[in-house]
Amino acid sequence: MESMVEFVNVSKTYKNGFQPVKSLSFRVQRGEFLVLIGPSGCGKTTTLKMINRLIPHTSGTITVNGKNIAKQNTVELRRNIGYVIQQIGLFPHYTIEDNIALVPALKGWDRRKIRQRVEELLHLVGLDPAVFAKRYPKELSGGQQQRVGVARAMAADPELVLMDEPFGALDPITREQLQDEFLRLQKELGKTVIFVTHDMDEAIRMGDRIAILKDGELLQLDTPERLLTHPVHGFVEQFIGKNRIFQNPELLPVTEVMRSDPATIYPHRSPERAITYMRQRRTDTLLCIDEQGKLLGIISGYDLQGDSARIRTVSEIMKPAEPVLPIDATAKDALVKISESRFGVIPIVNEHGKLSGIVTRGSLISVLAGRWKDEEGGVVS
Amino acid sequence: MNRRSLWEQIVQQLEARHADLGLAVLQHIKLVAISMGIAIAIGVALGIAVSRVKKLEGPVIGTASTLQTIPSLALLGFMIPFFGIGELPSIIALFLYSLLPIIRNTHTGITNVDKSVIEAASGMGMTDAQILFRIQLPLAFSVIMAGIRTSAVINVGTATLAAFIGAGGLGDFIFLGISRSMDALVLIGAVPAALLALLLDFVLARLERAVTPKGLKI
Ligand SMILES: Nc1ncnc2c1ncn2[C@@H]1O[C@H](COP(=O)(O)OP(=O)(O)OP(=O)(O)O)[C@@H](O)[C@H]1O
Ligand SMILES: [Mg+2]
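Chains as they are written, first to last, in full-length UniProt numbering: chain U, 1 to 381; chain H, 1 to 218.
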């Protein structure tokens, strides 16, 4: 896929010789949500502002939409890139409507089209045009103002949107709300977003990929999953925080919390044999599989106790295995589904329906709790 | 001289000189209007220049401040060797004397506009001129107006001294009154001058309110 933004050996050197950004190279795909994160002063804002030339880079090449930005008209470039900042920066003497209409007006759209667009955008960011269009920024709450900030950045339908800690000044509840809404909007509209934050939770929540910067250098650029499970650098691991992954079970593969040696039985076995095997394995459920290892159903110890005299093979008391999770599910899926499970277990199957393992309440708790213990004991798991 | 006779004198002088007084008021207004008009145009322009080019700040504001420290009468006197006497040197002196508050307030008003507003504006692709005329000047408007009002009030007062170098105006009555020891004449010049200053300040304040964008009044 063609990249929307590309940095090739980009540096920024100030006159005093200070280099906040050092030979940065990366690509951002079309439609991708890239988060820039790192400690204060690491060059996040500088990197972002070099893209719309609010800060001119001093060496290397930045390409936006296939074109070298140094060879473009700056004003033109900026009008085609959305820009949202933490301080919002709405024009206090413009109505909400006029604030949002700014870039379309600069681009010379006709009035009717602008009005329509403003209304559409206000709806999009969850503000009723009848209530808010004619108001002034001071008459809005911080959260509402930033919604307008987002609407304004989207006004001329730019393909690329740059955001510098846009939700940083909002209270936690409003912030989460805006994060969710914006993410939905971004996916819906297919925008490419480069988003600066210093909040790791926000980064993991929002980013398709996360770039970790330190002292103007890119340490790692990866998906949240890869970053959490395979940090390439001690600093990355430390910066992310070891516990983070267990606060984000959606990023932990289900294979990490499953047992790969489930107690299984063929359907034609006798109930006596099943009971003996259960005692041996200290379990109260058996997973029924065929010769190919395909999952057929589940046998519960309770049914077995009650009906063992009446039946000849376990297939007669086999229940459908519900729920089942695929091998690429996450620990979060398991946490959610386990409460729906009649027997307190979730069989895990591969793409061919073959049994790969089992998640039980016990395996979930012992794995998650075990990691915490490792952490306390200072042992890296 | 008691009150009653002062009052009688005033009435008597007004009867004799009301036509002259009318002309003097008009002349006074003319001096103020022309010098203020030029001071506003040049003061605002210099204020803008100073706020954009840091290097100009020291010399321009320094010069205007120095001009302001010269006693007004002395400044009028300085004009005589260059421009002689009459209206022209008076207007030039009044203009120079009115510059500082306008330059300073324009500069302060523009530089005090919220940085994030300017950043958002240029980040979205407004040109420098658009930022100046659509953002900075409207947002700095009330501060600039405050400077203009200060200048205008000083200007009306200083314009009474222009009579010294033959520019006429209400100062004529005041100086005539002083030289003839006629308090009534002094008052006939001074009271309208004071009223003119108050009136001008009031009108400019109303104008400021009327023109201030609604979003800033909330
Ligand atoms: N005009 C300038 N001249 C010299 N150094 C500068 C200038 N502007 C910024 N810097 C420095 O560049 C470095 C990077 O700044 P930048 O704003 O990109 O940091 P950041 O990662 O966004 O930090 P934060 O999380 O605090 O916003 C900082 O050390 C900063 O002091
Ligand atoms: Mg920053």
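By construction, these hints were calculated from the structure, which means they are not laboratory data. Among these hints, one or two may not hold up.
Under the rule of at most 25 Å between Cα atoms (straight-line distance), these lysine-lysine pairs were calculated in the DSS-like manner [as the list claims (entries may be wrong)]:
#1 U:K138 <-> H:K217
#2 H:K214 <-> H:K115
#3 U:K15 <-> U:K332
#4 U:K15 <-> U:K71
#5 U:K71 <-> U:K187
#6 H:K115 <-> U:K15
#7 H:K115 <-> U:K107
#8 U:K138 <-> H:K214
#9 H:K54 <-> H:K115
#10 U:K134 <-> H:K55
#11 U:K113 <-> U:K67
#12 U:K113 <-> U:K134
#13 H:K214 <-> U:K15
#14 H:K115 <-> H:K217
#15 H:K54 <-> U:K138
#16 U:K134 <-> H:K54
#17 U:K337 <-> U:K354
#18 U:K15 <-> H:K217
If you want the footprint, here are the derived chain U segments under chain H, 3+ residues with CB under 8 Å [what the hints assert, rightly or not]:
#19 15-25
#20 136-148
From the three backbone atoms N, C-alpha and C, an ideal C-beta is built for every residue, glycine too.
Query raised in the report: For the pair supplied as a hint, U:K113 and U:K67, is the alpha-carbon distance within the 25 Å limit?
Result: violated, 28 Å
Report task. Would you check the hint for U:K138 and H:K214, treating anything up to 25 Å between C-alpha atoms as holding? Result -> At roughly 11 Å apart (the allowed maximum being 25 Å), H:K214 and U:K138 satisfy the hint.
Query raised in the report: Straight-line Cα separation of H:K214 and H:K115 no greater than 25 Å?
Result: holds, 21 Å
Report task. Would you mind confirming whether the straight-line C-alpha gap from U:K15 to U:K332 stays at or under 25 Å? Result -> Between U:K15 and U:K332 the Cα gap is close to 51 Å, so the pair fails against 25 Å, i.e. violated.
Report task. Assess, step by step, whether the Cα of H:K115 is no farther than 25 Å from the Cα of H:K217, and give holds or violated. Result -> holds, 20 Å
Query raised in the report: Does H:K115 lie within 25 Å of H:K54 when you go C-alpha to C-alpha?
Result: holds, 16 Å
Query raised in the report: Are U:K134 and H:K54 close enough, with their CA atoms no more than 25 Å apart?
Result: violated, 38 Å
Query raised in the report: Would the pair U:K71 and U:K187 pass a check requiring their Cα atoms to be no farther apart than 25 Å?
Result: Violated - the C-alpha atoms of U:K187 and U:K71 are around 30 Å apart, more than 25 Å.
Query - 25 Å limit on alpha-carbon distance, applied to hinted pair U:K113 and U:K134 - result: Cα-Cα ~17 Å, so holds.
Query raised in the report: CA of H:K214 to CA of U:K15, is that 25 Å or under?
Result: violated, 43 Å
Query raised in the report: Does the alpha-carbon distance linking U:K337 and U:K354 stay inside the 25 Å limit?
Result: With a Cα-Cα distance of about 19 Å, the restraint between U:K337 and U:K354 holds, given a limit of 25 Å.
Report task. Verify the coverage statement for the region 15-25 of chain U against chain H, using a C-beta to C-beta distance below 8 Å and requiring 3 or more qualifying residues. Result -> violated (count 0)
The structure shown violates the earlier hints numbered 3, 5, 10, 11, 13, 15, 16, 18 and 19.
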